[in-house]
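Chemist: Required output: the full structure, derived from the provided sequences and hints.
Residue numbers (my numbering), protein chains in the order written: chain H, 2 to 358; chain P, 2 to 358.
Bear in mind the hints are in silico, worked out from the structure with no lab data behind them.
Don't take each hint at face value.
Intra- or inter-copy, both count: the list cannot distinguish identical chains.
What the hints assert, rightly or not - Think about it this way: if two alpha-carbon atoms lie no more than 35 angstroms apart in a straight line, the pair counts; the simulated DSBU-like pairs of lysine-lysine are:
hint : residue 1 : residue 2
1    : K341      : K148
2    : K341      : K310
3    : K38       : K284
4    : K312      : K184
There are 2 protein chains.
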Amino acid sequence: MKNNYCVIMAGGVGSRFWPFSTNNRPKQFLDFFGTGKSLLRMTFERFRDVVPVENVYVVTNAAYKDTVKGQLPELSDNQVLLEPMRRNTAPCIAYATYKIRETNAEANIIVVPSDHLITNETEYVRVVKEGLRFVSLNDSILTLGMKPTRPETGYGYIQIGTGGGELRKVKTFTEKPNAEMAKIFYESGEFYWNSGMFLWRADVVVKAFESLLPDVAEKFEAGREYYNTEREQAFIDRIYPLCPNISIDYGIMEKASNVYVMMSDFGWSDLGTWSSLYDLSAKDWDGNAVLKCNAGLYGCQNNIIALPKGKFAVIDGLEGYLVAEEGDVLLICKKDDEAKIRQFVKDAGERYGDKYI
Amino acid sequence: MKNNYCVIMAGGVGSRFWPFSTNNRPKQFLDFFGTGKSLLRMTFERFRDVVPVENVYVVTNAAYKDTVKGQLPELSDNQVLLEPMRRNTAPCIAYATYKIRETNAEANIIVVPSDHLITNETEYVRVVKEGLRFVSLNDSILTLGMKPTRPETGYGYIQIGTGGGELRKVKTFTEKPNAEMAKIFYESGEFYWNSGMFLWRADVVVKAFESLLPDVAEKFEAGREYYNTEREQAFIDRIYPLCPNISIDYGIMEKASNVYVMMSDFGWSDLGTWSSLYDLSAKDWDGNAVLKCNAGLYGCQNNIIALPKGKFAVIDGLEGYLVAEEGDVLLICKKDDEAKIRQFVKDAGERYGDKYI
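Modeler: Below you can see the structure in the form of structure tokens.
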């Protein structure tokens, strides 16, 4: 276990859960389910029995430093990596990998988003342990593919190839499909959802960066004398702006030849939309999901109601709506019109500046 | 002017504006329009040029004493009359009248509710002055009839009789009519809305109580030695429970023979329902009335949105709804389904006790 490392990516902003999430309060820092724990905290605790606490690293935006340290007081300053700006996942992962390699050249690393939901933690832990064992023994990149439960068009898919058991060679990564294609993928049994979780050894991923993203590799290689020193942040602040804005999927996964997928099924959602949250939530007989608050619902079907704890909503005659309140903002809209939320946020920003977003 | 007195009835509870109004925060004490003044305060200030401030009396429930004194710091303790319990308008008016008569036997009194809206204050003041002049010269009871602007079924009507100018003998008082009858009333030009505002001399109304509600008269007559003394409250607390629960309309107005009506037109609403508030409010081009808060409305028609000041609502695709929030309660329902609000309040009380009502 001492060679196991975890990198939690917690730099996202994202307005899809507005007004629940805002620029100052991105999704990963929210107590989504009223359990008293943020998604980040839940992600962190999942590795309790897999990775020593001193081997857990969080990469976040410099602006969220205090939030991360507040939610994960177990971490030292050296374990909270601060991006001076957003540069997508490839630079983020390169930073963490190069830094960890300086500490432990034999590190087995799992990289995970900080804002996903996993419902079967026992199975998740089993899969992750098995995956870390696999990458410790093989010069391979491993990704976790989620067994699809519906023909979802909101996720990318991974086509599985040859191999035995739950571990397969990846045949191809696909973009988010249209509805027709999603149905074919779903029914084929050959396609798994791309969860954005990756496992590899530090030396393997460094080699992948060197061959597939050499200009990124070069930049982070130049920092070997700075990692884990007081000069690390200044170094990062200097090279980060020069990094390309590129995802690990596009930069590495889709191009590397040694990529494997573990066919997993541990109850996963990226909590990408209010609808996905609705799908996951307990509902009353009329299909209403009430989160955190109390509600008296009359003639209401298939709504999702999310008000702050202690609030009481009385709603009569709504069907298929989202009613969400946080801070000074109340949002009422059709719960499937989520593309609109981005517009609402944009409009609010134009009218009121940063006040409500 | 020194003989002019005003009695403001401020003892109402009422759940029709829930969650805006609650048991602890009845409508008259609310800053309805976000102007910084409660309806009670607005009512009080309307008499600025008609009644000396020391001649203004407020009758309220003992539970609201501090609220009244807080909103009307100009009043002395002797001007805030406390009912130990609700007993409708006849005992309330008898109390104030008998008390005022002890101070000034020639008092001309106007009795008004504390929770109505008047939009043309100049005309109101003219009407009230004219009315007080009339009752000072005549042994008559005068009521203010509102020129109807629509065939409203939510108000009682007064049929006007003989007389000249704006002052007429009352032919009959009617209950709230059905829609068909309201249309006939409205089109006839002979029917005015009963506003619940009365003007009379103290001695005239005492005589009316003596002949029409003798058991009420007897009780308050017995207090002559207590009014305006330290023993007044104990006396009231003793006799109030013994009073019948009866309205001044039923007990006096409908039965007295010397009742006149002043045909008035000063922009009046009893603010009895969310719909009446909607009718009075400024609306956008799509018929949405937004009170106090900010709102971004998309595909919304004919809604009334009332959130606390500083709140921001984004609403998409609602038509004809009420969205109201106050304290810990959010209410969303069809704005014309107001009878239901009483049910919502009742249900909330059964589930959560007094917490939300």
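Chemist: Taking the hints in turn, state whether each one holds.
Modeler: Structure-based check of each hint:
{"no.": "1", "hint": "K341 <-> K148", "in the structure": "within (29 angstroms within a copy, 47 angstroms between copies)"}
{"no.": "2", "hint": "K341 <-> K310", "in the structure": "both (26 angstroms within a copy, 25 angstroms between copies)"}
{"no.": "3", "hint": "K38 <-> K284", "in the structure": "within (21 angstroms within a copy, 43 angstroms between copies)"}
{"no.": "4", "hint": "K312 <-> K184", "in the structure": "neither (40 angstroms within a copy, 43 angstroms between copies)"}
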